[in-house]
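Engineer: Protein sequence lines correspond, in order, to chains S and X. The numbering used here puts the first residue of the first sequence at 1, with every later residue one more than the last. The numbering used here puts the first residue of the second sequence at 1, with every later residue one more than the last.
Quick caveat, the hints were computed from the structure, so don't treat them as lab data. Watch out, some of these pointers could steer you wrong.
Heads up, the list lumps identical chains together, so a pair's fine if it works in one copy or across two of them.
Heads up, simulated DMTMM-like pairs for lysine to aspartate or glutamate below, C-alpha to C-alpha not over 25 Å straight-line [as the list claims (entries may be wrong)]:
no. : residue 1 : residue 2
1   : K308      : E244
2   : K176      : E34
3   : K282      : D198
4   : K246      : D291
There are 2 protein chains.
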Amino acid sequence: MTLAATSPPAAEPLAALQALVGADMARVNALILERMQNEVALIPQLAGHIVASGGKRLRPMLTLASARLCGYEGRRHVDLAACVEFIHTATLLHDDVVDESMLRRGTETANAVWGNQASVLVGDFLFSRSFQLMVDVGSLEVLGILANASATIAEGEVRQLATVSRPETGIADYLKVVEGKTAALFAAACRIGAVIADRPRAEADALETYGMNLGIAFQLADDVLDYSARQADLGKTVGDDFAEGKVTLPVILAFERGNGEERAFWQRVLGQDGREAGDFRKALALLRRHDTLAETLDRARSHAEDAKRALRSFGDSPVRAVLADIADFCVDRVY
Amino acid sequence: MTLAATSPPAAEPLAALQALVGADMARVNALILERMQNEVALIPQLAGHIVASGGKRLRPMLTLASARLCGYEGRRHVDLAACVEFIHTATLLHDDVVDESMLRRGTETANAVWGNQASVLVGDFLFSRSFQLMVDVGSLEVLGILANASATIAEGEVRQLATVSRPETGIADYLKVVEGKTAALFAAACRIGAVIADRPRAEADALETYGMNLGIAFQLADDVLDYSARQADLGKTVGDDFAEGKVTLPVILAFERGNGEERAFWQRVLGQDGREAGDFRKALALLRRHDTLAETLDRARSHAEDAKRALRSFGDSPVRAVLADIADFCVDRVY
Chain S
1 MTLAATSPPA AEPLAALQAL VGADMARVNA LILERMQNEV ALIPQLAGHI VASGGKRLRP
61 MLTLASARLC GYEGRRHVDL AACVEFIHTA TLLHDDVVDE SMLRRGTETA NAVWGNQASV
121 LVGDFLFSRS FQLMVDVGSL EVLGILANAS ATIAEGEVRQ LATVSRPETG IADYLKVVEG
181 KTAALFAAAC RIGAVIADRP RAEADALETY GMNLGIAFQL ADDVLDYSAR QADLGKTVGD
241 DFAEGKVTLP VILAFERGNG EERAFWQRVL GQDGREAGDF RKALALLRRH DTLAETLDRA
301 RSHAEDAKRA LRSFGDSPVR AVLADIADFC VDRVY
Chain X
1 MTLAATSPPA AEPLAALQAL VGADMARVNA LILERMQNEV ALIPQLAGHI VASGGKRLRP
61 MLTLASARLC GYEGRRHVDL AACVEFIHTA TLLHDDVVDE SMLRRGTETA NAVWGNQASV
121 LVGDFLFSRS FQLMVDVGSL EVLGILANAS ATIAEGEVRQ LATVSRPETG IADYLKVVEG
181 KTAALFAAAC RIGAVIADRP RAEADALETY GMNLGIAFQL ADDVLDYSAR QADLGKTVGD
241 DFAEGKVTLP VILAFERGNG EERAFWQRVL GQDGREAGDF RKALALLRRH DTLAETLDRA
301 RSHAEDAKRA LRSFGDSPVR AVLADIADFC VDRVY
């Protein structure tokens, strides 16, 4: 039995990124553990739960790899990668409260175990911790980038609230949701790598463009995964977005192209408590009829190409190759 | 009819503070309005609601007055006062979600009008806005002070969660809750006035000590107000803490001194859904029997004295006199 048989080819770029930044990432994980300690026991308990179920750690790895791409040799990238992960973790805690989610990656959510109150407050704590750590790093420019990203994330999340149960949401409006709730942190995570390395603004801009497009590709692929059998392999639940009445690109496209009856279907099933047995299967059939999962993936792939294009201003290097492959990975993981 | 007849004597120090910083405060209010604007309409709607119902604006006025006490003549104190108010507003939004409050100062809470989801996310937005504004001000030291205060507030709120329904909470533990959830922001709001004025560390420390003790006095007086007829005059609801099973100092003292039957009463009525008609009246009678409202006020007054003592290192001035009177006001408003 070969390695290739146990880890599907799509995951190879992720393994390459992990290998590239593994030593730094071990420091990041140690720092995260250290900084979430508190004499109020519930804080490390709850934070530990969400951090442990935290998945791939893609965002902090992007900060580490971006810094490496820019030739950075200090250790501030480790601190900032931890900041990025703390912001991400805080938003996950608040997201799960907002979505009333009971499961995340097959594990009970923090709000399911400790209640909404603790999740809101420990989210606030981790968010504050992130800013404390940034202050220790001491770069006002980095503080500005991550404060802006945090505001943009919250803005994107509020924007998303207004789209729930509304399949008539326009594509442009939806892409603003995606740029805010997901891509802004990817973009900031990459940009700060260039900033701490004191590289010219053009390089910081290029890394931000890379991160922004990577984030959009990542989210659109996630939207497809929610309607995909592949999702179950990743330890996630299929149909979460659907069950929550969340409007994503595959649905928006199917609604746009649907006839009156189909549109009425989407309005009903995405409305509050409008779902019946068999609705999810019918939704899947409509997405297939209008081929909107494939089109969403095409758009994801196009953003992945934009991400790779943004890397061209950097000289050829193993780090650049890994970052380029990660853009493909964000889309390929759907298969 | 004289002015004194319409505004009770206890409110005079507040009016004096308002007169002292009124011009700056108008700038703070304009800045708050400007910075809460957003093309996502729900953000200014919801933020406007909480800002409008925002009460006395004591915290930002403390930043303005502290800066004035330190001879500061720039305009960064205006920006920072807005930061302080944004942090306070964000915590109010999250508090009302955590407490499931439907009314704040006689007005429907944001979560009652727009739901918990929007309140959590707009709270996150305002918190991020605060950090963006701090970055514009450009002082890493101030950023550190307010990031630390934010983490301490969240820590205090989590600590409080663990005391709900537990009248056996110790006095020392409860004072840690108060220092975190309330006094830390008062302390930071005052300290930053000295920091932007580039005053010696001893002056910053003195203002922090003033703010910390003022905050504790303020919260302990609030605890008493929740069991006081005077509360209704201030547009607040009597018995909110009691109804939420919140353990405050008057209750902790009554529990400590109570006999077995009384302790069983407190355990029951503060427990989840344990309250019956007549319980609040009986609770009031127990607080009176052990004189714990008066003792809580004595402790508040003692912290107000500590606050005033901390101001002594500053030369005699009208600003210092107003700040000293504000310490008395925090306690006297109970009468």
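Engineer: What hint numbers does the structure not satisfy?
Structural biologist: Of the numbered hints, 1 and 3 do not hold.
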